[in-house]
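Sequences listed follow chains A and B, in order. For the first sequence, our numbering assigns the number 1 to the initial residue and increments by one for each residue that follows. For the second sequence, our numbering assigns the number 1 to the initial residue and increments by one for each residue that follows.
To be clear, the hints were calculated from the coordinates, so they are not data collected in a lab. Check before you lean on any hint, since a few could be wrong.
Simulated pairs of lysine-lysine, DSBU-like, Cα-Cα distance not exceeding 35 Å [as the list claims (entries may be wrong)]: (1) Lys54(A) x Lys13(B); (2) Lys13(B) x Lys38(A); (3) Lys5(A) x Lys57(B); (4) Lys56(A) x Lys57(B); (5) Lys54(A) x Lys57(B); (6) Lys56(A) x Lys37(A).
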Amino acid sequence: DQQVKQNSPSLSVQEGRISILNCDYTNSMFDYFLWYKKYPAEGPTFLISISSIKDKNEDGRFTVFLNKSAKHLSLHIVPSQPGDSAVYFCAASGIGGTSYGKLTFGQGTILTVHP
Amino acid sequence: KAGVTQTPRYLIKTRGQQVTLSCSPISGHRSVSWYQQTPGQGLQFLFEYFSETQRNKGNFPGRFSGRQFSNSRSEMNVSTLELGDSALYLCASSGLAGGSHETQYFGPGTRLLVL
């Protein structure tokens, strides 16, 4: 039962263009969502997050959009740079005791930005 | 602030042995979560500790255990190792006491290979 899904295993984008990474979730108890970037043999690096009370959050080149009714979120990277090439994970957390310290991750999307 | 540190970075063990991995959280952080990353299952939550107490546990067998010390440092132990335990083990820390809206910051991981 995969509660967080990233349906695109990979995405290829030209430098300077927009990268859009998508994530869907099924658990309506999730109320906080995060995006992480990961290089091989390293731990995930936090990028940006969004609470369920918002529908958009921006931080520099990164913007996350949340559509609660569709249970869908997306990460936009503008402009994309070759250094953005990595695996991107969407993660979600909920409320209450069974959610303490627990992030549920998607399977990841490999982003490749070509010069 | 120094980030999350994990030791050792790499480990090779044989089936049936046990292993202990260590994690030092970001200074001031009191919550430590552990995750297992494998190619087939992705990032899976193992357990979370806060103030030396396990508050949450994922769906892993009892061979996986952990503890947290008074300085918030944490260890996880895997007994009777199996080939399938080969994975990247990630530790993450967060600062807040609650269960929601916590951003977790990850260490570099310990790569465990079971032969």
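Hint check:
1. Lys54(A) x Lys13(B): Given that 35 Å is the threshold and the Cα spacing comes to 46 Å, the pair is violated.
2. Lys13(B) x Lys38(A): Satisfied, since the Cα-Cα distance of roughly 26 Å is no more than 35 Å.
3. Lys5(A) x Lys57(B): The hint holds at about 22 Å.
4. Lys56(A) x Lys57(B): 31 Å, holds
5. Lys54(A) x Lys57(B): 29 Å, holds
6. Lys56(A) x Lys37(A): Holds. Lys56(A) to Lys37(A) sits at ~19 Å (cutoff 35 Å).
In summary, the one numbered hint that this structure violates is 1.
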